[in-house]
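*Asks:* Model the full structure from these sequences, guided by the hints.
For the record, the sequence lines run as chains L and G. For the first sequence, the numbering used here gives the first residue as 1, with consecutive numbering after it. For the second sequence, the numbering used here gives the first residue as 112, with consecutive numbering after it.
Derived from the structure by calculation, the hints contain no laboratory data. Do not take every clue at face value.
What the hints assert, rightly or not - If you want a taste of the chain L side facing chain G, the calculated C-beta under 10 Å gives, among others:
#	residue
1	Phe69
2	Pro70
3	Phe101
Unchecked claim - If the Cβ cut is set under 8 Å, some of the chain L residues that face chain G in the computed set are:
#	residue
4	Gly42
5	Pro43
6	Gln48
7	Phe60
8	Glu99
9	Gln100
10	Pro104
The structure displayed is predicted, hence computed values, not measured ones. Backbone N, C-alpha and C fix where the C-beta goes; we use that ideal spot for every residue, glycine too.
These are the residues of each chain, in order.
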Amino acid sequence: ETGVTQSPTHLIKTRGQQVTLRCSSQSGHNTVSWYQQALGQGPQFIFQYYREEENGRGNFPPRFSGLQFPNYSSELNVNALELDDSALYLCASSLSGDEQFFGPGTRLTVL
Amino acid sequence: AQSVSQHNHHVILSEAASLELGCNYSYGGTVNLFWYVQYPGQHLQLLLKYFSGDPLVKGIKGFEAEFIKSKFSFNLRKPSVQWSDTAEYFCAVRETTDSWGKLQFGAGTQVVVTP
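*Replies:* Below is the structure:
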């Protein structure tokens, strides 16, 4: 256990819908990173938040957006869902970008 | 663009056999290197990391990795595996200019250890 929690565990949506995934960071951590892990692939970096500001983004379209709250928890929002968005979404927290501790992930299925 | 390649997607071996998983990266600058493991039903966890210094790095559970700069490689080894080492293993790279921790992962190697 890392102390990083994610909700929900599983989620099923249809194309065109919107989804919000949540992450609670480990106590004392101020940085949250989100990754997408498609089946059979390694995690791909989506973006990172530090003290409520986005401070790094991977090669994902603007319909992937996020928030970080004053307690350092975070949300990942995906609009206009596509079939290819089906994946495991991982959240990782760290203290100012140091070693990242991963949560268990949210499995999103888009039908 | 930076990339990380893991040589094998699946490895099957018997208990007590030796394990070596290959990882190569393409990036001309200075990098930090990591191996993560994901046991069945569990979250990703760090096995070991290399930032600088001795290129032979020891991690948890008897794993070690060797950084060979000239070959852009960071191979993971364990002399004698156990059934409990069945897991998926990911190599990851972070550019040192990106101090805020963006990790680039390889595709992973699924390791199955048979009794």
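*Asks:* With a cut-off of 10 Å on the beta carbons, see whether Phe69(L) makes it to chain G.
*Replies:* violated (19 Å)
*Asks:* Do the numbers back the hint for Gly42(L), that is, is its least Cβ distance to chain G under 8 Å?
*Replies:* holds (3 Å)
*Asks:* Using Cβ atoms only, decide whether Pro104(L) comes closer than 8 Å to chain G, and label the hint accordingly.
*Replies:* holds (5 Å)
*Asks:* Should the interface hint for Pro70(L) be scored as holding, given a Cβ-Cβ cut-off of 10 Å against chain G?
*Replies:* This interface hint is violated because 19 Å lies over the 10 Å limit.
*Asks:* Given Phe60(L) was flagged as interface, is its beta-carbon under 8 Å from a beta-carbon of chain G?
*Replies:* violated (12 Å)
*Asks:* Interface hint check: Glu99(L), Cβ to nearest Cβ on chain G, cutoff 8 Å. Holds or violated?
*Replies:* holds (6 Å)
*Asks:* Given Gln100(L) was flagged as interface, is its beta-carbon under 8 Å from a beta-carbon of chain G?
*Replies:* holds (6 Å)
*Asks:* Per the CB criterion, is Pro43(L) less than 8 Å away from chain G?
*Replies:* Nearest chain G Cβ about 5 Å off; hint holds.
*Asks:* Do the numbers back the hint for Gln48(L), that is, is its least Cβ distance to chain G under 8 Å?
*Replies:* Where the cut-off is 8 Å and the nearest Cβ of chain G is about 6 Å from Gln48(L), the hint holds.
*Asks:* Should the interface hint for Phe101(L) be scored as holding, given a Cβ-Cβ cut-off of 10 Å against chain G?
*Replies:* holds (8 Å)
Of the numbered hints listed earlier, those contradicted by the structure are 1, 2 and 7.
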